[in-house]
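Colleague: Sequence:
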Amino acid sequence: PSTLLSKNSFLTWQGGEVKDFELKVDFRITADGNSGINYRSGMLDTIPYGMKGYQADIDGKNNYTGMNYEERARTILALRGQKVTLPPIPASDSLQAHVKNNAWLAAIVDSSLGSADSLSKFIHPPGNWNQYHIVAKGNHLQHYVNGILMSDVTDNDSVNAKSQGLIGVQVHVGPPMKVEFRHLLLKKIE
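Per the working numbering, numbering through the sequence shown is continuous, rising by one, with the last residue being 190.
Simulated from the structure, these hints should not be mistaken for lab results. Be a bit skeptical, because a hint or two may be false.
Said to hold, decoys possible - When the alpha-carbon atoms are kept at most 25 Å apart in a straight line, the in silico SDA-like pairs for lysine to any residue are as follows:
id : residue 1 : residue 2
1  : Lys-83    : His-133
2  : Lys-61    : Lys-178
3  : Lys-52    : Leu-166
4  : Lys-52    : Ile-189
5  : Lys-7     : Lys-52
6  : Lys-162   : Leu-149
7  : Lys-187   : Leu-11
8  : Lys-61    : Arg-182
9  : Lys-188   : His-140
10 : Lys-24    : Tyr-144
11 : Lys-178   : Asn-146
12 : Lys-61    : Phe-122
13 : Lys-61    : Asn-102
14 : Lys-178   : Leu-4
15 : Lys-188   : Trp-13
16 : Lys-19    : Val-171
17 : Lys-100   : Gly-42
Using the sequences plus the hints, can you model the full thing?
Modeller: Shown next, in the form of structure tokens:
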């Protein structure tokens, strides 16, 4: 791949918005790659093919794979290995007032699922297939990689939380990279 992007771009599933669901998808990424699977997201009017919303992060160096990141909003909600609760914030507060070093300051770490390093051992190296399993039910969001729970978020922030939205896969700005997805299985939870 030799075409460089100026903005993050997304391929969006055209089946409409989903609310509560489980999504399983295999992914493979190059060592310099950066990507993610957005869900309960909205399209941006200002950026072609841009999205805003929850993201199951993927990167080739496996520094961020498994964490919960909110694209163009609250930033890092839970690092790999964290179980967090996001408390309500006042509607009058700006998002930027609660973000520092690309992390959501209001997040409360409830417990550890394991260290980021110990959990990274369950993620296959770049060029190999891994499986993401995302469970979004009510305000509870869980990211599993290869069957191991990597991050767990309970989002009680009624101002910023999203209960439904679109699903999309990301190609991030940066060096030339390749990211592949296969065997996408979506199960809506009624």
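Colleague: Does each hint fit the structure? Answer for all of them.
Modeller: Taking the hints in turn, this is what the structure says about them:
1. Lys-83 - His-133: Judged against 25 Å, a Cα distance of about 16 Å means the pair holds.
2. Lys-61 - Lys-178: 13 Å, holds
3. Lys-52 - Leu-166: The hint holds at about 10 Å.
4. Lys-52 - Ile-189: Between Lys-52 and Ile-189 the Cα gap is close to 23 Å, so the pair holds against 25 Å.
5. Lys-7 - Lys-52: 13 Å, holds
6. Lys-162 - Leu-149: 21 Å, holds
7. Lys-187 - Leu-11: Status holds; Cα separation ~19 Å.
8. Lys-61 - Arg-182: 20 Å, holds
9. Lys-188 - His-140: Roughly 15 Å separates the two Cα atoms, so the pair holds.
10. Lys-24 - Tyr-144: 9 Å, holds
11. Lys-178 - Asn-146: Holds. Lys-178 to Asn-146 sits at ~20 Å (cutoff 25 Å).
12. Lys-61 - Phe-122: The given pair, whose Cα atoms are some 13 Å apart, holds under the 25 Å limit.
13. Lys-61 - Asn-102: 18 Å, holds
14. Lys-178 - Leu-4: 11 Å, holds
15. Lys-188 - Trp-13: This hinted pair holds, its Cα atoms lying about 14 Å apart.
16. Lys-19 - Val-171: Satisfied, since the Cα-Cα distance of roughly 24 Å is no more than 25 Å.
17. Lys-100 - Gly-42: 24 Å, holds
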